[in-house]
Amino acid sequence: MFRKKFIIGLSTALSIILFIHFAITFIYLSPDNSFRTKHWNVMNEYMSPFFTQNWNLFAPNPVNRHESLQVRLRYTDANGYTKTSPWLEVSKPIIQDLQKFPFYHLSPSARLSEYLGAGVHDYVWKKNKQQQAALHSLKSFTNQMLQRYPENFKVNGKIDHYQLRVEVNEFPRFDKRNQPDSKGEFWYRETIWLPYKG
Amino acid sequence: MDKIMRFLTKEHALIGLSITRIFFGIALLYELLINIPIRYLLWGPKGLVPFAEYRADMMERHVWTIFDLSPTEWMVDLVIFGGILICLLYIIGFQTRIMGVLMFVIMFSLYMRNLDITHGGDNILRILLLYIMFTSVGRYFSVDQWLKKRREKKAKPPSWLSRSQLLTDSKAVIHNFAWLACVIQLVFMYFSSGSYKIMGSLWQNGTGLYYASRVQDFFNPDLTPLLWKSDLIMILMSYGTVLFQVAFPFLLLNRFTKYVAILSACMLHIGIAAFMGLVDFSWIMIGCEMMLLTNTDFYRLRDYSRQIRKRFRASSEQKEVQIATTIEQAK
Chain A
972 MFRKKFIIGL
982 STALSIILFI
992 HFAITFIYLS
1002 PDNSFRTKHW
1012 NVMNEYMSPF
1022 FTQNWNLFAP
1032 NPVNRHESLQ
1042 VRLRYTDANG
1052 YTKTSPWLEV
1062 SKPIIQDLQK
1072 FPFYHLSPSA
1082 RLSEYLGAGV
1092 HDYVWKKNKQ
1102 QQAALHSLKS
1112 FTNQMLQRYP
1122 ENFKVNGKID
1132 HYQLRVEVNE
1142 FPRFDKRNQP
1152 DSKGEFWYRE
1162 TIWLPYKG
Chain B
87 MDKIMRFLTK
97 EHALIGLSIT
107 RIFFGIALLY
117 ELLINIPIRY
127 LLWGPKGLVP
137 FAEYRADMME
147 RHVWTIFDLS
157 PTEWMVDLVI
167 FGGILICLLY
177 IIGFQTRIMG
187 VLMFVIMFSL
197 YMRNLDITHG
207 GDNILRILLL
217 YIMFTSVGRY
227 FSVDQWLKKR
237 REKKAKPPSW
247 LSRSQLLTDS
257 KAVIHNFAWL
267 ACVIQLVFMY
277 FSSGSYKIMG
287 SLWQNGTGLY
297 YASRVQDFFN
307 PDLTPLLWKS
317 DLIMILMSYG
327 TVLFQVAFPF
337 LLLNRFTKYV
347 AILSACMLHI
357 GIAAFMGLVD
367 FSWIMIGCEM
377 MLLTNTDFYR
387 LRDYSRQIRK
397 RFRASSEQKE
407 VQIATTIEQA
417 K
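Chains as they are written, first to last, in our numbering: chain A, 972 to 1169; chain B, 87 to 417.
Be aware that one or more of the hints could be misleading.
Unchecked claim - In the BS3-like style, the derived pairs of lysine-lysine whose C-alpha atoms are separated by at most 30 Å in a straight line are: (1) 976(A) - 96(B); (2) 315(B) - 1071(A); (3) 1097(A) - 132(B); (4) 975(A) - 96(B); (5) 1063(A) - 132(B); (6) 132(B) - 1168(A); (7) 257(B) - 239(B); (8) 132(B) - 1100(A).
Said to hold, decoys possible - To be clear about the criterion: a stretch of chain B counts as covered by chain A if any three or more of its residues have a C-beta under 8 Å from a C-beta of chain A, and this derived list gives those stretches: (9) 101-115; (10) 120-130; (11) 228-239; (12) 302-316; (13) 361-368.
Unchecked claim - Among the chain A residues that face chain B by a calculated CB cut under 8 Å, a handful are: (14) 974; (15) 982; (16) 983; (17) 989; (18) 1019; (19) 1021; (20) 1028; (21) 1034; (22) 1086; (23) 1089; (24) 1108; (25) 1111; (26) 1115; (27) 1142.
None of these hints come from the bench; they were simulated from the model.
Cβ coordinates follow ideal geometry from the N, Cα and C atoms, glycine included.
So that you can see chain A by itself, here it is in the shape it has in the complex (with noise of 0.2 Å):
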């Protein structure tokens, strides 16, 4: 009999937690409402970290250009003289290492895609707190790459300042899906000059 009870206790504790566990998360995945809103700094203390999620998977719209990173370096030459480089890519060297296979996303280069898709994304279209955020993001990859992979940004000199830009390109919408990407407008956003402490 006991075991019975307790069995049945058990179980009934056990759907009370998981009830109220997932109308938390019901609430919490809501699209914005006014309950969510009012709630949200309460549900995100229950959330984080171990529920944290989002599932905007390519929601509402997906992404529709391709945004790419690339930087010019402002150096000095063993003349004195300070020069400037050539836009460099940064995006596109880690894009085609991806395409290189058919399953592409089996290489390391798929983590770093995400680090720099989300910073770029970021830097263009969000404001404030977020774009800072995002600038920082980019700052940090584009250092770790002279550092790392000088061989690919080789100027002949000793770099002191850097500019990055984002190249977005508006590839051809659905009526026109079959020409190049090149035939879809362009447009940029540049940083201003930074230091560059290598």
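Following the hints, position chain B against chain A.
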């Protein structure tokens, strides 16, 4: 009442969860192995997220991970190579419960150490590893089970832990609720993703899949352009994706529609892997689908495949007899 008791104290979906365990183990093992060359860049103290920056962020979130034990590169090595060992033991099902806890600790630590390199697959893996810890994922295809059977053959007396009926029952109840939590979480994932897509204009006009697959990060130069050949197929696939994701929870309510849901999910994820290159994400998701099948489903599947094999063998034997008769007649 007895029926309810039997239902509650019988562990469900043991085969499916064991397969999910193997899928999850391989997924994390793959991530650790493939990122060995750039481990310091991704998770190192002087990497993309320097240790001080990571620590400040975690202090705000009140989070601690294994990386906090030491801000050095050997700590990264310990997590990566220790993690590889844990994954291997988890896959083969050795000390599965302990390995399950360690798998979660490793996954959580890696996830929190650099949040900017994570994707949806990591997110669901991190959450499900927490729930799955409380299930008996080592009941099939595991060294633990093999050792248990060997002990039973040698007629060694069971330990006091396994003799206690109340403890065994409680373990089963916890297993069942943890499994239920995994299923509900999966349902929330699909439904949430699908309902957000409904709000998007590109999914509404049926072009969502085109844009998602053309973005350079997900573009497979050999395969993706084949998808775009027909407007109709492209549009139907876009609508089909959204419809499937929203319908997923309801399809699970009936045995036959559940099979449709699982089959559709596997096809969707194989498609995502092939055309968009998201192999790791798709692998994790297919692993999740396995836990939706009960033991009875797997036995049914086994019987069905046996029948097919039998029929195939019978028809090929019949053909052989026919050929032999024709040859004899020709002689």
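Each hint, compared with the structure:
Restraint check for residue 976(A) and residue 96(B): satisfied, since their Cα atoms lie roughly 16 Å apart, inside the 30 Å limit. For the hint linking residue 315(B) to residue 1071(A), the alpha-carbon distance of about 23 Å falls within 30 Å, and the restraint holds. Distance hint between residue 1097(A) and residue 132(B) is fulfilled; the C-alpha atoms sit about 27 Å from each other, no more than 30 Å. Simply put, residue 975(A) and residue 96(B) have alpha-carbon atoms about 14 Å apart, close enough for the 30 Å limit, and the pair holds.
Proposed proximity of residue 1063(A) and residue 132(B) is supported: the alpha carbons are some 24 Å apart, at most 30 Å. A distance of roughly 14 Å separates the Cα atoms of residue 132(B) and residue 1168(A); the hinted pair therefore holds under the 30 Å criterion. With a C-alpha separation of about 24 Å, the suggested pairing of residue 257(B) with residue 239(B) holds against the 30 Å cut-off. As the CA atoms of residue 132(B) and residue 1100(A) are separated by approximately 24 Å, the hinted pair is consistent with the 30 Å bound.
With 0 residues having a Cβ less than 8 Å from any Cβ of chain A, the stretch 101-115 of chain B misses the three-residue criterion, and the hint is violated. Interface restraint, the stretch 120-130 of chain B with chain A: holds (6 residues with C-beta to C-beta distance below 8 Å; minimum three). Counting residues of the stretch 228-239 of chain B whose C-beta lies closer than 8 Å to any C-beta of chain A gives 0; at least three are required, and the coverage claim is violated. Counting residues of the stretch 302-316 of chain B whose beta-carbon sits less than 8 Å from any beta-carbon of chain A gives 8, enough to reach three: the coverage restraint holds.
Under a criterion of three residues with beta carbons nearer than 8 Å to beta carbons of chain A, the stated coverage of the stretch 361-368 of chain B is upheld, 4 such residues being counted. With its C-beta approaching chain B no nearer than about 6 Å, residue 974(A) sits inside the 8 Å limit, and its interface hint holds. Proximity of residue 982(A) to chain B holds as hinted, the smallest CB-CB distance being about 5 Å (cut-off 8 Å). Hint on residue 983(A) is violated. Least Cβ distance to chain B is approximately 10 Å, over the 8 Å limit.
At about 6 Å, the closest approach between the beta carbon of residue 989(A) and any beta carbon in chain B falls short of 8 Å, and the interface hint on this residue holds. At a threshold of 8 Å, the smallest CB-CB gap from residue 1019(A) to chain B is about 6 Å, leaving the interface hint in force. Taken as an interface hint, residue 1021(A) checks out: its beta carbon lies about 6 Å from the nearest beta carbon of chain B, inside 8 Å. Against a cut-off of 8 Å between C-beta atoms, the interface hint on residue 1028(A) holds, since the closest Cβ of chain B lies about 5 Å away.
For the restraint placing residue 1034(A) at the interface with chain B, the shortest Cβ-Cβ distance is roughly 5 Å, inside the 8 Å limit, so the hint holds. The restraint placing residue 1086(A) at the interface with chain B holds, with a minimum CB-CB distance near 5 Å, inside the 8 Å limit. With 8 Å as the threshold, the beta carbon of residue 1089(A) comes within range of chain B, its nearest partner Cβ sitting at about 6 Å, so the hint holds. Hint status for residue 1108(A): holds, given a least beta-carbon distance of 6 Å to chain B, under 8 Å.
Annotation: interface hint on residue 1111(A) holds; nearest CB of chain B at approximately 6 Å, less than 8 Å. Nearest Cβ of chain B to the Cβ of residue 1115(A): about 6 Å, under the 8 Å cut. The hint holds. This hint holds: residue 1142(A) has a C-beta 6 Å from the nearest C-beta of chain B, less than the 8 Å allowed.
Of the numbered hints listed earlier, those contradicted by the structure are 9, 11, 16.
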